[in-house]
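**Student:** Put chains B, C and D on the given structure of chain A with help from the hints.
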Amino acid sequence: MTVKKSLLSVKNLCFRRDDTDILRAICLDINEGEVLQIEGVNGSGKTTLLRLLTSALSPSEGSIHFCGKPLTDCRFDYLSSILFLGHQSAVKMGLTAEENLAWMSGLMEHSHSIACALEAFDLKGYSDIPCHRLSAGQQRRVALARLMLSNVKIWYLDEPFAALDTQGCTLVEQCMQRHINGGGAVVLSTHQSVALESLRRYSLPALNQHELYR
Amino acid sequence: MNWNWFYRMGSPKWFYYTTSRWLPWLGVMTLCLLVTGLVWGLAFAPEDAKQGNSFRIIYLHVPASLLALAGYFLMAAAGAIGLIWRMKLSFMVMKCAAPLGAVLTFLALFTGAIWGKPTWGSYWVWDARVTSMLILLFLYLGVLALQYAFQSQEVGNKASAILALIGTVNIPIIYKSVDWWFTLHQPSTIKFTEAPSMHPDMFQPLLVMILGFYCFYALALFMSVRVEILHRERKTAWVRDLVSQVAEERVGVNS
Amino acid sequence: MIFQFESLNQFVTMDGHGIYVWTAVIVSVLFLAVLVINPLLRQKDVKVEIAKDQLREKQRQVSNREKT
Amino acid sequence: MLINRRRGDVASPLIFFIIAATLIPLGVSPDPSVLSMIAPGIIWVMALLATLLSADRLFDADYNDGSLEQLLISSQLLVMPVLGKIAAHWLTTGLPLTLVSPLLGLLFSLPSEGYTAMMAGLAIGTGCLSLLAALGAALTVSLQKGGLLLTLIVMPLYIPVIIFGSATAQYSIDGLAWDVPLAILAAMLTIAIALCPIAIAGILRLTTIN
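Chains as they are written, first to last, in my numbering: chain A, 4 to 217; chain B, 1090 to 1344; chain C, 50 to 117; chain D, 2 to 211.
Watch out, some of these pointers could steer you wrong.
[To be verified] Straight-line C-alpha distance at most 27 Å; calculated DSS-like pairs for lysine-lysine:
#, chain 1, residue 1, chain 2, residue 2
1, A, LYS72, A, LYS14
2, B, LYS1177, C, LYS101
3, C, LYS96, B, LYS1324
4, C, LYS96, B, LYS1102
5, B, LYS1102, C, LYS101
6, C, LYS107, B, LYS1324
7, A, LYS8, A, LYS72
8, B, LYS1324, C, LYS93
9, B, LYS1265, B, LYS1206
10, B, LYS1177, B, LYS1324
Hint data in this document are derived by calculation from the structure and do not stem from the laboratory.
Looking at chain A on its own, in the form it has when it is part of the complex (with noise of 0.2 Å):
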């Protein structure tokens, strides 16, 4: 087996709001062709961890490196080569499917056509309803449907499998391995078992749960 090459390297990442902590010295590295899963009880700070990755937060202590190099001297080519898809899918109501893909698209580039995307999501037949008339797990697989537009190297899901049904997150499933097979990383948080081969877990300890509950 071949030496993974390393995409992104955290050392001892801190971060704290009003003086408490949310996440203490959190050290990892993100390889190409891998599936990171990021484990953790509610309010252990997953969601926390991924802004930080995707630099929408800055940390309050300790440096990431991306192919090397610390984020804020490339943090142009960092962010045109990562994908973020959060709690909420920043599905425009009132855009079509095919609509609100293309936006989304439109902030990278191209790959597969969006016809594609949506047939593989089995959205076919909904591309030109307005997403507010669709249901949640729709809306989501419109979101997730994303993936199959993208050619960038690191994507960062966020609890990716919510709302979605059995074959949905099957789907998803094939959509990671295929990423990662063409050589690219995925960050995911998430509560499922995710049946991937070099899948590598990094568990949030829980941080002062006394503290939390006071």
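**Tutor:** Coordinates of chains B, C and D only, in the frame set by chain A:
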């Protein structure tokens, strides 16, 4: 250049202990200056030829307005320092300066209104200065409200610091435009500009009062910042030690 | 420097302007006093609160020790 | 690129603008001489309230569905979409208000000399209003009850705009050179266009996530 002093100044602990040494002196000085200035101004300064005794309100009105404005700039400067150097202490200063400034602005407006009644015949005149002062009050209230609207202390601090800075950029514009608006609507029949030169006998007590207000401002600001420090640094070792010391002393007295 | 009024009574009335001057003075002094007294009171409150917190923590530590 | 389809939103500030202005004669006096005197001021105050009313929805939808977060981490500069948003806001409030204002001028028996100046002033001035409103909207985007706070924050900043805006109309009615206040308005707009989007982008980074 040695920047040590600057960073030391940013340490809440250092601030707390240094000001606790200054506070008594500052308190005594404030009291002396204010009492002297007030008695001098109210009783011993000569009567104004045109306005009679009502002009004596100037000894409260002018220092209050002066500090209201100066306080806004101080608040904005503290906010800027906090944003740039991420200094916690300067955010605390900013947070405490906001209510202080708002009260002073209100006082300036209030004394101005009372002064206006015997002088201009009405409590409220849409004079350029009065209007600007009212807008300043709104700016203060905006900063205050924004500060407390956020759940996170940090975000509230930064957001209100930005707002304070925007306000600072706008104050000259607002002032100029209000001034211009006033001259537009008031054909120069009455001039509210103050007498070009004040008699020294009148001016000296005013100077004392202004100094007294500056001291007062420092005193009140320090005191509320100290409370803020204790509140926010409650988990640090030095505050714990400080409080347990006080508690032990009290227990010692009781037993 | 001389006292400007002939009698104390006149000092209070100030030729009819007394009411304005004195309300201004009283209100101002009141507000300034509040600005100083308020932090003093709050300081006491905060200290008591912190002391209580510490006490609670100590008790919890003690009870934890008893459990083990 | 980013202008959304919100058809209903165009109408509501406009209707508000007209209805609220209709209330003034009912509350003050139907006398044309009184009305024509206060007309520029009333129209401007109404325009201000109408922009403010629609401002708190400026970033709201994007915040709630997470697309604001997407914009934050997109490789593009945040300033461009922000500018686009503001432009959209102006196109849906400022521009219709400007176009409808002659109608209100008619209702308020505004002297005929005032129309051109008033419309020119409104066109430029509402741009300023939109930019400043966006500033306030960015600051209050993550707050549930941001609307009232937004008003408090933005109102003082609006004052120069409203002074020079109504002065433009007033000047032309009085037969003075109304290009002076108009030029000042334009200057304010230029400065605001240059500075506000940058400030807003910075504020959004702070308030969206945290």
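**Student:** Please write out, lowest number first, the hints stated earlier that are contradicted by the structure.
**Tutor:** The structure conflicts with no hint, since it agrees with every one listed earlier.
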